[in-house]
Amino acid sequence: EAGVVQSPRYKIIEKKQPVAFWCNPISGHNTLYWYRQNLGQGPELLIRYENEEAVDDSQLPKDRFSAERLKGVDSTLKIQPAELGDSAVYLCASSLGPGRIAGELFFGEGSRLTVL
Amino acid sequence: EDKVVQSPLSLVVHEGDTVTLNCSYEVTNFRSLLWYKQEKKAPTFLFMLTSSGIEKKSGRLSSILDKKELFSILNITATQTGDSAVYLCAATQGGSEKLVFGKGTKLTVNP
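Line by line, the protein sequences give chains A and B. Start counting the first sequence at 9; every next residue gets the next number (the numbering used here). Start counting the second sequence at 511; every next residue gets the next number (the numbering used here).
Misleading hints may appear alongside valid ones.
[Stated by the list, open to error] Heads up, simulated DSS-like pairs for lysine-lysine below, C-alpha to C-alpha not over 27 Å straight-line: (1) B/Lys547 <-> B/Lys567; (2) A/Lys86 <-> A/Lys23; (3) B/Lys566 <-> A/Lys19; (4) B/Lys608 <-> A/Lys70; (5) B/Lys567 <-> A/Lys19; (6) A/Lys23 <-> B/Lys608; (7) B/Lys616 <-> B/Lys550; (8) B/Lys550 <-> A/Lys19; (9) B/Lys567 <-> B/Lys608; (10) A/Lys86 <-> A/Lys19; (11) A/Lys23 <-> B/Lys551; (12) B/Lys616 <-> B/Lys566; (13) A/Lys70 <-> B/Lys613; (14) A/Lys86 <-> B/Lys551; (15) B/Lys550 <-> B/Lys578.
To be clear, the hints were calculated from the coordinates, so they are not data collected in a lab.
Could you build all of it, start to finish, from the sequences and the hints given here?
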């Protein structure tokens, strides 16, 4: 069974440029998460989707970050414009959803962003 | 504010040693505690704990939860160099799928 797939794996951009990350969750997983992980830190939730609905986006910096999950499957996370402090690994994860082995997340390999 | 605190932040041991990693949490409406192992890429799931005092084991790894004292430990016996990784602890809240992660413990096992 394929795991969570993310792309690109690495991205280097200059500040003020836009960037987008893509995630394909495990088939059948209704819940999708985007996390940001800074060096030496644990992952921090940016946004959580239940199917196509964003049910928790309280930690998403909405002035520059946006996300979508059209059709409740794939998702994209966009940053525009990027700032130096956005350099981090962006992790996508999926799970079966509420009431189904709640809490067991399957992570993708992450997209490492470097903003110069 | 919900928080998860792990200790130590970093640990260096020799192969064959036994290590204990600590995780304390303060999370509203706590439901479960999870341990993940993160090598150079994605965190991989190790354990989910929901009940106090029940040890979960997988090979040389074991974990237990104390819901009264709000902490969990992860034990690794007879460590191997392949155990070198960052071990993340996360707490989930009832009524949501939100995980609150700690900063992790970086374990280095030297030959």
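Proposed proximity, A/Lys19 with B/Lys566 (alpha carbon, max 27 Å):
39 Å, violated
What's the verdict on A/Lys23 and B/Lys551, does the C-alpha distance respect the 27 Å limit or exceed it?
Distance ~25 Å between A/Lys23 and B/Lys551 Cα, so the pair holds.
For the pair supplied as a hint, B/Lys608 and A/Lys70, confirm whether the alpha-carbon distance does not exceed 27 Å.
Roughly 19 Å between the alpha carbons, so the hint for B/Lys608 and A/Lys70 holds.
Starting from B/Lys547, check that the Cα of B/Lys567 is at most 27 Å away, please.
Cα-Cα ~15 Å, so holds.
Holds or violated: are the alpha carbons of B/Lys567 and A/Lys19 at most 27 Å from each other?
39 Å, violated
Under the criterion that the straight-line Cα-Cα distance not exceed 27 Å, is the pair B/Lys550, A/Lys19 satisfied?
17 Å, holds
Next pair to validate is B/Lys616 with B/Lys566; report whether the Cα-Cα distance is within 27 Å.
The given pair, whose Cα atoms are some 21 Å apart, holds under the 27 Å limit.
Is A/Lys23 within 27 Å of B/Lys608, Cα to Cα?
31 Å, violated
Would you mind confirming whether the straight-line C-alpha gap from A/Lys70 to B/Lys613 stays at or under 27 Å?
Holds. A/Lys70 to B/Lys613 sits at ~24 Å (cutoff 27 Å).
Hey, A/Lys86 versus A/Lys19, does the alpha-carbon distance stay inside 27 Å?
13 Å, holds
Proposed proximity, B/Lys551 with A/Lys86 (alpha carbon, max 27 Å):
21 Å, holds
Would the hint linking B/Lys616 and B/Lys550 be met if the CA-CA limit is 27 Å?
12 Å, holds
Of the numbered hints listed earlier, those contradicted by the structure are 3, 5, 6 and 15.
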